[in-house]
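So you can see what is in the structure, the chains are spelled out below.
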Amino acid sequence: GESVGLHLPTLSVQEGDNSIINCAYSNSASDYFIWYKQESGKGPQFIIDIRSNMDKRQGQRVTVLLNKTVKHLSLQIAATQPGDSAVYFCAENNQGGKLIFGQGTELSVKP
Amino acid sequence: ETGVTQTPRHLVMGMTNKKSLKCEQHLGHNAMYWYKQSAKKPLELMFVYNFKEQTENNSVPSRFSPECPNSSHLFLHLHTLQPEDSALYLCASSQEQGQRGYTFGSGTRLTVV
Numbered sequence: 001g002e003s004v005g006l007h008l009p010t011l012s013v014q015e016g017d018n019s020i021i022n023c024a025y026s027n028s029a030s031d032y033f034i035w036y037k038q039e040s041g042k043g044p045q046f047i048i049d050i051r052s053n054m055d056k057r058q059g060q061r062v063t064v065l066l067n068k069t070v071k072h073l074s075l076q077i078a079a080t081q082p083g084d085s086a087v088y089f090c091a092e093n094n095q096g097g098k099l100i101f102g103q104g105t106e107l108s109v110k111p
Numbered sequence: 112e113t114g115v116t117q118t119p120r121h122l123v124m125g126m127t128n129k130k131s132l133k134c135e136q137h138l139g140h141n142a143m144y145w146y147k148q149s150a151k152k153p154l155e156l157m158f159v160y161n162f163k164e165q166t167e168n169n170s171v172p173s174r175f176s177p178e179c180p181n182s183s184h185l186f187l188h189l190h191t192l193q194p195e196d197s198a199l200y201l202c203a204s205s206q207e208q209g210q211r212g213y214t215f216g217s218g219t220r221l222t223v224v
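Protein chains in written order, with our numbering: chain D, 1 to 111; chain G, 112 to 224.
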């Protein structure tokens, strides 16, 4: 069936380093992808999105890369800060109006 | 605050109890969603309402009963739950079903004892 999965359940980085969180998706018909950040005790918050007609999109300190050939999505966080510690989810919109979420990667930033 | 408010934040209930979760949004959105978030699992879509009409029931057991009286409010009525129903229940909204981004509430942490 359709699934979105993350390669690593946890990621630990040093403050100031760059972080890369990966995601694989299985539905080649998905045309829209979103990264969410979920801090402890809160619901998922939108970080950045990308449409399937793009390969890269940049935000403030974050970049999303989409490789449709291998159905891979990644989130890059520049100069990672303690406040970036959270669980990060990718989600795909499969044109049916439903978001399908991956398992999540827990990012831990060491001071 | 995201604009989507969920109450209560925490709920402990026995298996024979009846309780309700409430979600409220004043973003002018017309689609609302219930998701279940269990540990180590992806978010699971439970129900979708679009313009107050239920458009999706993702094979959810009947002990969960949603209600959407208007586009701003969404309820999840709970009765005779099981311990495995313990989870974080998240409400989300979007402009319409099929719209790209969802706005999530902070969730209700439910514990069934």
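Keep in mind that the hints were calculated from the coordinates and are not lab data.
Every residue, glycine too, gets a C-beta built ideally from N, C-alpha and C.
Hints may be right or wrong, so weigh each one.
Okay, derived cross-link-like pairs now, PhoX-like style, lysine-lysine, Cα gap no bigger than 20 angstroms in a straight line [what the hints assert, rightly or not]:
1. G:Lys-152 with D:Lys-42
2. D:Lys-98 with G:Lys-147
3. D:Lys-37 with D:Lys-98
4. D:Lys-37 with G:Lys-152
5. D:Lys-42 with D:Lys-56
6. G:Lys-151 with D:Lys-42
7. G:Lys-151 with D:Lys-37
So the derived label-pair ranges between C-beta atoms look like this [unchecked claim]:
8. D:Pro-111 with G:Phe-162: 45 to 51 angstroms
9. G:Ser-149 with D:Thr-69: 29 to 35 angstroms
10. G:Arg-211 with D:Ser-108: 25 to 31 angstroms
Non-conforming hints, listed in increasing numerical order: 5
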